[in-house]
Structures are given as C-alpha cells and as structure tokens.
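Student: Chain by chain, the residues:
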Amino acid sequence: MDRRVAVTGIGVVSPLGCGREAFGRALFAGESGIAPLGAFSPEALPCRLAAEIRDFRPKDFVSIKNLRRMDRLSAVATAAARMALDDAGLCVTPANRDRLGMILGTAWGGTDVTVSFARVLVTEGPGAANPILVPNVVMNAPAGHASIELGFRGINTTVNHYGISAESALAFGAQEVRRGAAEAILAGGADVLAPFYFESLVRFRALSPLQGGGPEGARPFDLLRNGPVAGEGCGILCLEPLEAARERGTTIYAEIAGEGLASSPAPMTGWPGDPRGFVLAVRRALRSAGSAPEDVDVVFAAANGGIQPDLLEAEGLEMVFGLSAERPLVSALKGALGESFTSGGLRAAALALALRDGAVPPTLGLEEPVRPLAFVTGQAARANLRQGLLSGISHGGTYVSLVFSNIGAES
Amino acid sequence: MERVVVTGLGTLNGIAKSARTFALALREGRCGIGPFSVFDASEFRTHVAAEVKDFDPRDHIPPSYPLKRMSRADLLGFAAALEALRDAGLDPLPPSLAEQTGVVIGGGGGGLLEGERFFGDYLRTRGRLARFSALSAVYCASSADRIASLLGLWGPKTTFMTACSSGATAVGYARDLIRSGAAPIVIAGGTEPLCRITYAAFNALQAVDPSPCKPFAGNRAGLSLGEAAGMLILESLAHARARGAHIYAEVLGYGVTCDSHHMTAPDPEASGAARSMREALRDAGVSPEQVDYINAHGTATPPNDVMESRAIRNVFGDRAGRIPVSSTKSMTGHTLGASGALEAVASVLAIHHRFVPPTIHCTVPDPECDLDYVTEGAREADLAVVLSNSFAFGGNNTSLVFGRFAEGGRGRNG
Chain A
70 MDRRVAVTGI GVVSPLGCGR EAFGRALFAG ESGIAPLGAF SPEALPCRLA AEIRDFRPKD
130 FVSIKNLRRM DRLSAVATAA ARMALDDAGL CVTPANRDRL GMILGTAWGG TDVTVSFARV
190 LVTEGPGAAN PILVPNVVMN APAGHASIEL GFRGINTTVN HYGISAESAL AFGAQEVRRG
250 AAEAILAGGA DVLAPFYFES LVRFRALSPL QGGGPEGARP FDLLRNGPVA GEGCGILCLE
310 PLEAARERGT TIYAEIAGEG LASSPAPMTG WPGDPRGFVL AVRRALRSAG SAPEDVDVVF
370 AAANGGIQPD LLEAEGLEMV FGLSAERPLV SALKGALGES FTSGGLRAAA LALALRDGAV
430 PPTLGLEEPV RPLAFVTGQA ARANLRQGLL SGISHGGTYV SLVFSNIGAE S
Chain B
49 MERVVVTGLG TLNGIAKSAR TFALALREGR CGIGPFSVFD ASEFRTHVAA EVKDFDPRDH
109 IPPSYPLKRM SRADLLGFAA ALEALRDAGL DPLPPSLAEQ TGVVIGGGGG GLLEGERFFG
169 DYLRTRGRLA RFSALSAVYC ASSADRIASL LGLWGPKTTF MTACSSGATA VGYARDLIRS
229 GAAPIVIAGG TEPLCRITYA AFNALQAVDP SPCKPFAGNR AGLSLGEAAG MLILESLAHA
289 RARGAHIYAE VLGYGVTCDS HHMTAPDPEA SGAARSMREA LRDAGVSPEQ VDYINAHGTA
349 TPPNDVMESR AIRNVFGDRA GRIPVSSTKS MTGHTLGASG ALEAVASVLA IHHRFVPPTI
409 HCTVPDPECD LDYVTEGARE ADLAVVLSNS FAFGGNNTSL VFGRFAEGGR GRNG
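Heads up: the protein sequence lines correspond to chains A and B, in order.
Under our numbering, the letters of the first sequence match residues 70 to 480, in that order.
Under our numbering, the letters of the second sequence match residues 49 to 462, in that order.
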C-alpha cells in the first residue's frame, strides 16, 4: 500500500523575502518582487527589471565553514533546505540520516562559476584553468553542498530540465515518499541571476518587453503581455509520509495527492503549437490523485507573461476545466516573483500556504485576460480550498502538474 | 508490483557503434582510449580519450529527421535511442504508444563542446558577433527534448544532471515511472560528448592519466575521459509480454545515496557507496549472495578504486573476493553523465550474452584493491544478478541491479 505524501516544511529564499512567513505575508498582500535590477548593471541591454532575492543573509542559515566553499546558488539552496527542515521540526540523527534525501531542480545551475571557468580556459588556455571552481560547475553542486551542511545521507539527486526542473523534482520526491524509499525528502527548485545568464535571456528575446514592445513588466495571461521579467529564488518543501507526520504531531500544510508528466513535440527552444501536452499532464495528475476537475478549487499557473506559453496554458486550462468566471480560481505568481525557471518551488510553497490559510494571492500585472478564466487579480481572494493544481511548463515541450490537497478537513 | 524489463538497447561509444558490436568489443577487451580529434588537446597535459570514431550522425539517423542545431551529445543520444527502439521492435512507434512513451536522460556536458566555441566568439568580440542561438542545445535537457520531439512522444520527460551518476539515476527513475503507472515504456539512458571544458576540468583536478586508465591497478594514475550514449528501452513486463517483445533482462532495483562528506573526494569510509549497493539490493529483493557480477564504477583514480573495493568488502563480506568485479571504463573511458547508462547497457549485455567483461590494463596489483577484477580477459559465465555502480561528484551514488529474466521472479519478493 502506497504511503500518502504530506508537506510538513517550507523553506523560501525569494524576491519577497526569506522564510515562509515573510514570503507569505508579502505574496498574499499583493506585493511585487520586481524592481530595477540592482546586483549588476545590465549596461546597454534593453531590459532593466528583475525579481531579485531580498533580505537574504546566508550566514543565518549556513555554517561559515561550508559557506566558504559555496557559490551563491548553493548558498541559496542550502539555506532554503535548512529552513524547510527546521520548519518540519525534523532532527537529523544517526538513526534517520540515511533515509533523509534531497531532490533539487535547477534550470541553469551555477552559471557564474561555469562562465568564470570557461573564460579562463578560452583566454589563457588549459594550464590556467582553476580547479577550485570545478566542484561548483556541476549542476548537482547545490544539493551536494546542502547534504553536507544538513548531514543528509539518503537519496540525493538533481533534475536539470529547464522550466520544469522544480516541479519534476517535487514529483520525484513525492514518488519516493509514496513508495517508502525515504523518511523525508526535501524537494524544490533553485536558480539565481548572473550577468552572462541575464544577457543570454535578453539575446534570446526571452524577456519583457522584447516579445511585443510596450512598457517593460510581467503581465501573465494579459493581452498586452510582452515577455516575462527575469527572477531568482528557491522554494523547498519537506515531504514525508502522512501517517508519520501525524504521529509526530507536526504541522501538515497540505498533501501532494498526485502528479502528471507529459511531453509535446516542440521546436528547439520553442513552444508546442497546441495545448495538448499541457492537458495530458493535468489529466494525468488528476487521475493520479483520484480527482475530478470539479475537485480543484485553485490553479497556481505557470504563466509568466510570455506570448506563447501563457496562451497555451490558458487554452489548456479551458479544455480541462471549462470556461468559467467562477471556478477554479487561477493565479499566476510570476507576476510578483518573475521567471526564475524553477519558481515551481516557490509556487509550491505558496500553494501549500494557500491551502492552509484559505487564500489565493493575486496575479500582478493582469488587467485584460487573454481568456475569461476565474483569475484572481487586485487582491488576495478568500476561499475554502480543497484541492489546488500546480502547473509547470517548459519550452521544448515538457509539462509537470501536481495536485495538492487540503487535509485540514480530514481526520 | 509491476515488473520492469529491458526490451531494447542502443549505444555509441569509444569501442562500438551499436549494442551488438559493443558486446563483442567488451568480450574481446578492446581499448577505445587513445589519441582523439573532437578537439585539439595538444595544449593539455594529457592527450588521450575514448571518442566515438568517425561519428557521422547520418550513418545512424534516417534523413527524415532534421538535425539542425543539435549538439554532439544530442546526436549521439538520438542515434542510440533510435537503435534501442529498433532493437525493441518499436520503430516506428504506433501513435497509441507514442502518446504514453516517456524519456528520462542523464546528462553531463550537454552542448558545452558547441557552447565553448560560442563563448570564444563572445569574448573575442565583446558579445557583438556571437550568435546566441548557438547556445540552444548547451544544456543537457536538449537531448531528451530532441528525442521526444523528433519521435513525437507525449509521455513523461525529464533530465538528471548529477555528474557521473546521471545515467544510472535516469534508469532507476524510469523504472519507478513505469511501476507507478505513469508510462508503459520509457527510453532511459545517458549521453555525454567529449568536450574541452570537461577535459580541462578533470585535468585541472589532476585526475587524468596521461596513458589509458588502469582501474584497480597499483600503478593507476587517474581516469581516462570518454564519450558515449547508452539507451535502454524499459517496459512493463505486462506490456512487453502482450506485444511478444524480446526480453533482455529485468530491472530489479536501484539505490541512490549521498556521501554527505566532500564535494569531490570520495568518503574514505566508503559508507555512501556501500549504502547505495545495499539499498539497490534491498529494493531488488535480492541478497548479496545472489550477485554474480559487479560492474564497478572503477574510474582508476587512486581514491575511488580503494574506496569502492572497500565498500564492496563491506557489503559482500567474505564472499567479496569471489565475485567478479570489472571496470568497463578501462575500455570505454569514463563517459561521465552517460557512464551509468552505458554500464547498464554493458551489464544487460553481460547477462544476455553470458559473459563477464574484463578490466584491461590492470597488470600491477594494488594491495588495497584485493578483489577479483577479471584482469585476464572476459569470462564465460551465467549471470543471474548483476550490480552496477556509479558514484559522482557531490557525493551522489547510484547502484542498479539487473537480473536475467525469470518467469517466477528473481528476488525474495518474487
């Protein structure tokens, strides 16, 4: 008999602050994490806005000794992992450490380190290559560093598949808990901004306002959207068997009731021409959760203000849930959080808080919806939420949807 | 619990460009490590690697598939995936199956070979003349995307990047996807190109042997890098049976653990490696006594081979010295992100063709490596259960267990 999967801890490093309470307060109050880019100068680039991590003091969460070996991405991921673990009230002991795991999604890894290493190689030749940088060049460095800091010795792995890395990590984490392979799994996603990476997004015309002109800004699902605003951050959930969490008497934010994964043929770096893959992923998630579309009260959409993906997702939601101005409620948090490509971790954290508190944060930047769905705009909506859908979509045609359930009404 | 079997194999690597010829090359102990031409290595301290010689994608991929902008990693991966599908009798895939077929890939350097060329232009011209589209395939997720898109697949898709254990983790996760009912068929594997950035990184760490690597030997002096793609068609037993597919072997189990010790150095106590083997055996429902062959991680770096030998002793006790253990990296080089999948292919071939691949170049004994490394050449053997190890930077360890397919099941759990 498969175990049920409880969300028992939330760790957040985000443009809306660090820790679940600060993050939740700002998000549900409708604050935006988007502001003029401050950490580095975009020089002559046409994009000036970003959602940068705010109020992050790594030393509050990570030992100085380990912090010295980490790049910024690893510090961010390790801090969020520590927060999620502490929030769950789990202690790492010799008795449980072999069954505590971490599955992290990162879309781009430590781009700054990779660029530094490559720059020396290209300009000065192999003899000058810096061995100190090597451990942080690999994508699995953040999860490796976190495991050393936390003392986790169970499953540790890293998903690196563009914009569904975080959702994919959460789906894998839920599956591992369900089949009894771990006592707890920290799962989520992390990515950070850096100069070359930001420039690449601009040159791929991946950001607002390069997809349509008009003012720069994130406008998910809006008719006048013209691309996402780049973001960064890390959201990590602690997942453990529901029964064990109940026995411990710890806070249970939500249950991950099911997940659905799908692909769709797509051009390289482009989007599929229709929402069929999206619909498949959502329906598979519902089937895996044993749910019907009517059970879903809220959708935390992946929409980021991009021309193609937002339309694709809106059409897909319409195909699954029908066109209704009442339900399910739909909110696209990338209007506040920007597009970090692994914001699925932060959005999952937000969904767990939403189910607990019966509230849905607004979609910032949305004025004229591309389809008449039940969008939450302006301010947070209060509602009794039974189930919520977290959707993840990526260029290249990959989809992961997760169904979160409110178990407050149970037992 | 749904059983999961291997019904197709595909590979390109330093010693073979198909699964069938890979079996022959493994049996004869062919060395693929030597001078190579993927990039100019003259300015490096070392000058050997195991490349896929004379790789022309069109020798493997029909002209109906457009290959524009695909990286070498993408091309190797797609060629091997096509071979595996053909081998499984799934080329072309019927539309009803394409809707459910998944792809799980373990990656490494991805498109860094092409990415570095771009980066050179970028630095030389201060960004003005660099074509950023050259970065389209720079991340290893591109390989899974190309396989799924070119074949028209609608099933689950994801990519792992955990350095040297990526390919093994991909195979394990694919097994779980099938078991959980998410897909009846998954193309699982890994792909890794030779590229200068990776070559520079391992040279900077002084981890590369200037001559072909000598796993478990007293005079070993580091690894040899290689490139490869290894792909397996994993399928639920019920599905494979229903369509009368040939079954190579069964995926019995896997284990993933973390050293939680150091980012690049293996844990000298070998705890993480031992635990990944134990976890894989537990998951497979087989006892250590049932293991007939261990395809070792066996990189030929001084610390790994001692650590791994110690871990095998810890897990298998007195019997450790009687289990053949070999490193096929002595022939294919260390293919990093692909290695776990390539060695999964080797393990399945060993079961199917009833032989133990040798460790070549291991002529000088090391008192700290005291197991049976099959140094005298391949051995004929009826292998019921094979364990394959992959250990990575970051302390990420993955072990896979494959078994000869038996009607009643192999493990204690039946």
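Careful, some of the hints might be misleading.
As the list claims (entries may be wrong) - Label pairs and their calculated CB-CB ranges:
| hint | chain 1 | residue 1 | chain 2 | residue 2 | range |
| --- | --- | --- | --- | --- | --- |
| 1 | B | 174 | A | 312 | 56 to 66 Å |
| 2 | B | 402 | A | 109 | 25 to 35 Å |
| 3 | A | 133 | B | 93 | 53 to 63 Å |
| 4 | A | 115 | B | 171 | 43 to 53 Å |
| 5 | B | 171 | A | 292 | 39 to 49 Å |
| 6 | A | 312 | B | 413 | 51 to 61 Å |
| 7 | B | 402 | A | 201 | 44 to 54 Å |
| 8 | A | 352 | B | 412 | 54 to 64 Å |
Calculated directly from the structure, the hints in this document are not laboratory data.
Positions of the beta carbon are idealized from the N, C-alpha and C atoms, including for glycine.
Student: Of the hints given before, which are not true for this structure?
Tutor: Per hint list: 2, 3, 4 violated.
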